[in-house]
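Colleague: Read left to right, the first sequence gives residues 73 to 496 (my numbering).
FYI, nobody ran anything at the bench for these hints, they're computed from the structure. Keep in mind that the hints are not guaranteed to be accurate.
As the list claims (entries may be wrong) - Under the rule of at most 25 Å between Cα atoms (straight-line distance), these lysine-lysine pairs were calculated in the DSS-like manner: (1) Lys339 x Lys417; (2) Lys197 x Lys473; (3) Lys204 x Lys189; (4) Lys204 x Lys473; (5) Lys155 x Lys293; (6) Lys175 x Lys87; (7) Lys88 x Lys104; (8) Lys368 x Lys312; (9) Lys438 x Lys312; (10) Lys226 x Lys204; (11) Lys155 x Lys292; (12) Lys322 x Lys339; (13) Lys96 x Lys115; (14) Lys87 x Lys155; (15) Lys368 x Lys379; (16) Lys185 x Lys197; (17) Lys322 x Lys442; (18) Lys155 x Lys137; (19) Lys379 x Lys204; (20) Lys115 x Lys137; (21) Lys151 x Lys322; (22) Lys128 x Lys139; (23) Lys438 x Lys371; (24) Lys417 x Lys175; (25) Lys185 x Lys442; (26) Lys197 x Lys226; (27) Lys339 x Lys175; (28) Lys189 x Lys379; (29) Lys88 x Lys115; (30) Lys151 x Lys293; (31) Lys417 x Lys478.
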Amino acid sequence: MLDINFIRENTDLVKKAVLDKEIKLDVNELLKLDDRRRELLGKVEDLRAQRNQAAKERNIELGKKVKGELDGLEDELRKVEEKFRELMLLAPNIPAPDAPVGKDAQNNEVIYKWGNKPDFDFEVKDHIELGKNLDILDLEQGAKVSGFRGYYLKNEGAVLHWAILRLAMDRILSHGFSLMVPPTLVHEEVLEGSGHFPFGKENIYQIANPGKLDSGEDIKKPVFLTGTSEPSLLAYFMGKTLSEEDLPVKVAAMTQCYRSEVGDYGKDTRGLYRIHEFTKVEQVVICSADLDESEKLFKEMQEISQKILEDLGIPYQVIATSTGDMGAGKYRMNDIEAWMPGRNKYGETHSNSNLTDWQARRLNIKVRYKNEDIKYVYTLNNTVIASPRILIAILENFQQKDGSIKIPDILIPYTGFSEISSKH
RNA sequence: GGAGGGUUGGCAGAGUGGUAAUGCAGUGGUUUCGAAAACCAUCGGGUGAAAGCCCUCGUAGGUUCAAAUCCUACACCCUCCGCCA
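My request is simple: use the sequences and hints to build the entire structure.
Modeller: Dropping the structure here:
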C-alpha cells in the first residue's frame, strides 16, 4: 500500500509505476474517490462533533436532529471507503530507479555471473532420468498419489533434500537470524498484508473444509495454504509498533510451501521444476524506514544465498528483475538462477526482495524512534534455499559418466555419503 | 464433552447509560561534576502549523438523542471436572 498523500503529490510517478508494472488500476479514479471520501469524512466528523456536544449538554432534541443527518452520510462513507480500500490495495510500490523497465521477464538483466558450466564428455541426462535410474525420485507414483506435478523423493534423494535444507538452516542461524515455526494455514488478511492478495490469488490454495466451531457450526472465515513462509513471518508483527532498538528484526523459517500454479498450465510440465509443494528456508527482515539501510540488508541476504551456491559449486547468475516481473509491492527484486544442464539453461532458484514500506502499511507494522517519531518499517525477504528445485542443479551438474552423482563436499557432513550410485 | 471466570494504553488497574480515573514504565526538561531522587511537561491512533476535531475499551452487529457500560453472535485467554494421549 502507498500513502494516499504520496499518490496525490506524486501522481505521475505512481502512474508510471502502474504502467511499468502492468497493474490494472485507474489512478485518476482512485484520486476522485479519495476526494469524495475526504468530503464525506469532513461532513461526518462535523456531525459527530455536534452529536458529542449534544450528549455533553444532554440536548436530546439536537441529538435526534443530528442522528437523522448522520445515518445516511455514514452509510455512504462506509461504501466509499470500502471501494477506496479496494483500489488502494492495487496501488504498486515505486520500483528502484535502476530497476530494468519492461513488461516481463524478457527485460530482466543479468547483473552477475559465477562459476564455470560443467563440460561433459558424455551425453548429459536430466534429473528425471538420473533420479529414476538411481531410484531416488518417483514421479509416476507421485502423480498417482497426489496428481499432476506430484513426486516422491526416495532413499539418497530424500536424504539429499533434507541435507541441503539443514545446511541452509545452519547458515541463517550463523548469520544471526532467529528461527520461527510459523503457520502455513492463514487467514485472508495475512496474504492481503503481504501483497499476495489480490494479485496472486489464483496461485494460492484455499481450504475447502476449514473445520467446525465448538458450537458445531461450520467455520466461515476462509483459510489458505501459504506458498511461502513470508506472509506468516511478517504477520507475526502485524498491528505492532516496534521500538527502534528492536530493529532490524531478522527471522527465518523452514516450511512446506503450496502453489496451485493455475496460471502456469503447460509450463515446465516435467520433473521437479514446477511442483505444487516444496520446502523452503526463507528469511525475512524488518528494518528501519531507511532506504540505505534496507539496501544494505538486501545485499547481506543476497550474499548469503550466493555463498551457498558457491560452496555447493553450482554455477549461477544473478538477475535484476524488470518492473513488469517483480510484483506490485516490490522496490527491488533480484533472482538467482542456477545452471541446470538437463534444461541447458539457467533456472530460477532464489528470489530476494526489498518492499520498502509497502507491506508494512498493509500490515500496520510501525517503529517508534527515540525522538518519538513513528514510521512504517521497511520489509525484505529472501530465499535461502528451496528444495527439491535446487536438487535439479545438484543432480544435473554433478552427474558422472556412469550415471552416479558426486555430492558437493559441503554437503557430505549432512548426507553421510559422498556419492549416489545405483545399487538398489 | 460439561461448568464457571475474564478481555480497557507498553504493563498494572478504576470506570454498570451522559462521552475513558490513577499508578508504574517510557520520552523531553529543571537540578547535578555525573547519576539517583525530586520537580515540571509529555505519554493510544489519525488529521492539523497550532488550537481543535474525529476515532479507540477483544471483533462484528443491534437498542438509544447518547454505549467501555444494555442486547445478540463470534474470537481469544484462564480455572475446574470428564475423556484421550
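Colleague: Next, verify each hint and record whether it holds.
Modeller: We went through each hint and held it up to the structure:
no.: 1; hint: Lys339 x Lys417; verdict: holds (15 Å)
no.: 2; hint: Lys197 x Lys473; verdict: holds (10 Å)
no.: 3; hint: Lys204 x Lys189; verdict: holds (24 Å)
no.: 4; hint: Lys204 x Lys473; verdict: holds (16 Å)
no.: 5; hint: Lys155 x Lys293; verdict: holds (21 Å)
no.: 6; hint: Lys175 x Lys87; verdict: holds (15 Å)
no.: 7; hint: Lys88 x Lys104; verdict: holds (18 Å)
no.: 8; hint: Lys368 x Lys312; verdict: holds (24 Å)
no.: 9; hint: Lys438 x Lys312; verdict: holds (6 Å)
no.: 10; hint: Lys226 x Lys204; verdict: holds (10 Å)
no.: 11; hint: Lys155 x Lys292; verdict: holds (23 Å)
no.: 12; hint: Lys322 x Lys339; verdict: violated (35 Å)
no.: 13; hint: Lys96 x Lys115; verdict: violated (31 Å)
no.: 14; hint: Lys87 x Lys155; verdict: holds (19 Å)
no.: 15; hint: Lys368 x Lys379; verdict: holds (17 Å)
no.: 16; hint: Lys185 x Lys197; verdict: holds (24 Å)
no.: 17; hint: Lys322 x Lys442; verdict: holds (21 Å)
no.: 18; hint: Lys155 x Lys137; verdict: violated (29 Å)
no.: 19; hint: Lys379 x Lys204; verdict: violated (30 Å)
no.: 20; hint: Lys115 x Lys137; verdict: holds (15 Å)
no.: 21; hint: Lys151 x Lys322; verdict: violated (39 Å)
no.: 22; hint: Lys128 x Lys139; verdict: holds (15 Å)
no.: 23; hint: Lys438 x Lys371; verdict: holds (23 Å)
no.: 24; hint: Lys417 x Lys175; verdict: holds (22 Å)
no.: 25; hint: Lys185 x Lys442; verdict: violated (42 Å)
no.: 26; hint: Lys197 x Lys226; verdict: holds (19 Å)
no.: 27; hint: Lys339 x Lys175; verdict: holds (19 Å)
no.: 28; hint: Lys189 x Lys379; verdict: holds (17 Å)
no.: 29; hint: Lys88 x Lys115; verdict: violated (34 Å)
no.: 30; hint: Lys151 x Lys293; verdict: holds (22 Å)
no.: 31; hint: Lys417 x Lys478; verdict: holds (21 Å)
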